[in-house]
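K.L.:
Listed here are the chains, written in short residue letters.
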Amino acid sequence: MTAVQAVRQVFGFFGFLSRRTGKTRVFAILGLIPVVLAVVVRIVLHGRSGPMAAVFTDILMVFFLQFYIVILALFYGTSITAEEVENRTLSYLITRPIPKPAIVLGKFAAYSVLMFAMVAVSLALSYFIMNAARLSDPELYLTFLRYLGVLGLGILAYAAFFTFLGTILKRAIIVGLVFGFGWENVIQYFPGSTQRFSIVHYLKSLLPYHPTVGGGGGRGVALLLFRLEPTKPLVAVLALTVVTVALLALACWIFGMKEYLYEE
Amino acid sequence: MTAVIAAASLSKWYGNVLGLNDITLEIEDGITGLLGPNGAGKSTFMKLITGQMKPNIGTVTVRGRKVWNNPEVFQGIGFCPEQDVFYEDVTGWEFLTGLLRFYGYARTEIEDRASRALDIVDLTADKDRLIRGYSRGMRQRIKFAQAVAHDPGILILDEPLSGLDPLGKRKLIKLIKGFRDQGRTVLVSSHVLPEIEALTSRIVLIHQGKILAQGDIPYVRELIEAHPHQISVQSSDPRALAARFVGDRSIQKMTFGPDGRTLVVETHKRDEFFGRLTGVVLEAGIEVDEISSPDDNLQAVFEYLVGK
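From first to last, the protein sequence lines stand for chains A and B.
Counted from 1, the first sequence has number 90 at position 90 by our numbering; the numbering is strictly sequential.
Counted from 1, the second sequence has number 237 at position 237 by our numbering; the numbering is strictly sequential.
Just so you know, the hints here were simulated from the structure itself, not pulled from any lab data.
Think of the CB as a built atom: it goes at the ideal place given N, C-alpha and C, for glycine as much as any other residue.
Treat the hints with care, since some could be wrong.
What the hints assert, rightly or not - What follows is a set of in silico ranges between Cβ atoms, one per label pair, in the way DEER data are often shown:
| # | chain 1 | residue 1 | chain 2 | residue 2 | range |
| --- | --- | --- | --- | --- | --- |
| 1 | A | Lys258 | B | Glu290 | 43 to 53 Å |
| 2 | B | Ser232 | A | Lys258 | 23 to 33 Å |
| 3 | A | Tyr262 | B | Tyr219 | 30 to 40 Å |
| 4 | B | Gly58 | A | Val85 | 24 to 34 Å |
| 5 | A | Arg146 | B | Arg116 | 44 to 54 Å |
So that you can see chain A by itself, here it is in the shape it has in the complex:
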């Protein structure tokens, strides 16, 4: 079996398994929060649209970008190796004729698809409910696709980072929480190039509108873009791709070399 076939088989097995777990049910329910919020906002804004809808779309994106994809990537990414060690099921995988990196890559791909599906469903429902008054506007769909693309890149970058953490640390989730909800939140408000040391900076640099700092630009309020000193979109995509590929490669290498001992 080639390495690519091995990745595909691991992807198939864990794609199936991941849909069965309680964790997936919990996170799918969590994805309903913005949908409910969108329904409430629609009812409150009944008869009005335009700027207010845009503001609430921003709020929704804060939820997706700074909470939902981070928490999803944290729990699924760290679990790629950690759950096999904690549940002691690793023996079933590493005594099969598949290279160890294929386990990491196959699970990463399976979990990424699952996370993306959860995010896409939640975003689509909440976004189109929120902007129901503009459904005939083609720009609405382009913006939606752009949001979805940004969240997709975010899922990959965060999941790669947390996968890497999971391969090197026993309690990766704690370090992941500090990174995802501490570092990533704080550093983006730092001025200058410091904010480039976060994943969220590059994701925000890819968002549709870039008002001038301080909120003087086109949208009046821009929660997501507050203090952002954006990187050019192409550079941002490149940076996110490099982060994803490099961290995944490191995770695969470490997983291949490291012995994982079960706790007695």
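Given chain A, put chain B in place with the hints provided.
P.N.:
For chain B alone, kept in the frame of chain A given last:
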């Protein structure tokens, strides 16, 4: 005969704790029992020969090929882990077909193999139940099924009989012997001598990370016979009982327990003592409440062998 599994000067430690100490061993076709008390190093050895761990010193090969980070070697190895762990949210069928995917078989072959494996372990009727709902015996059997489903030439079974009821043990022993009869190599670990005895006469005794002895069962039996057994007899009149045994050549030492009802006998000839005991008890009309042999286990034998 050529060695199927070969370990040369194999050592493994966990931090400051020595798991295996300079083990050189060759395992041939047929069933080999790896026998030792808990913590002896059996599982460490099995993890090394299944590539789950890397030796600190020494080498381990399977059919002449290194094991660590060599996935091709697992095409011919079936491993049944000791731990009672599974992907709990899948059915027995999904568990087997899922793991069979990793061998590169086509879908129909995966299904054929899974069906055969389920049939071998008598789980066909329960294949669509979640593993979470399986009994302990069923879980042991599905674990065995995943080890044999790809038809490996080498089976490595870590404590496969633990937790099974007598009937379940008998079934599994029959299955393992069936694999031996097909010319495969089976390595089974256990800390219970009679379990290994029921499977094979070829055993390796392991203790504190070292091979203590290897050979056939009669040899180990001899070692056990040489080991002085303690037998505790609780009766209505331990002193009268002791008086009857004074001068008996099978007895080495007799002491009385603190409860005043127990006679503790130390003997090299356990069977001879038990033979005499029945007659004495009947003759003297002594009421016996309980007979136990506190050190009639492998741990005691091992301690005796290592001179504790």
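K.L.:
Please test the hint of 30 to 40 Å on the beta carbon pair from Tyr262 of chain A and Tyr219 of chain B.
P.N.:
Hint holds: Cβ distance 34 Å, inside 30 to 40 Å.
K.L.:
Does 23 to 33 Å hold as the CB distance between Ser232 of chain B and Lys258 of chain A, or does it fail?
P.N.:
violated (49 Å)
K.L.:
In this structure, is the beta-carbon distance linking Lys258 of chain A and Glu290 of chain B contained in 43 to 53 Å?
P.N.:
holds (52 Å)
K.L.:
Honestly, do Gly58 of chain B and Val85 of chain A meet the 24 to 34 Å range at C-beta?
P.N.:
holds (25 Å)
K.L.:
Within 44 to 54 Å or not, the Cβ separation of Arg146 of chain A and Arg116 of chain B?
P.N.:
About 52 Å separates the Cβ atoms of Arg146 of chain A and Arg116 of chain B, which means 44 to 54 Å holds.
When the structure is compared with the earlier hints, a violation turns up for hint 2 alone.
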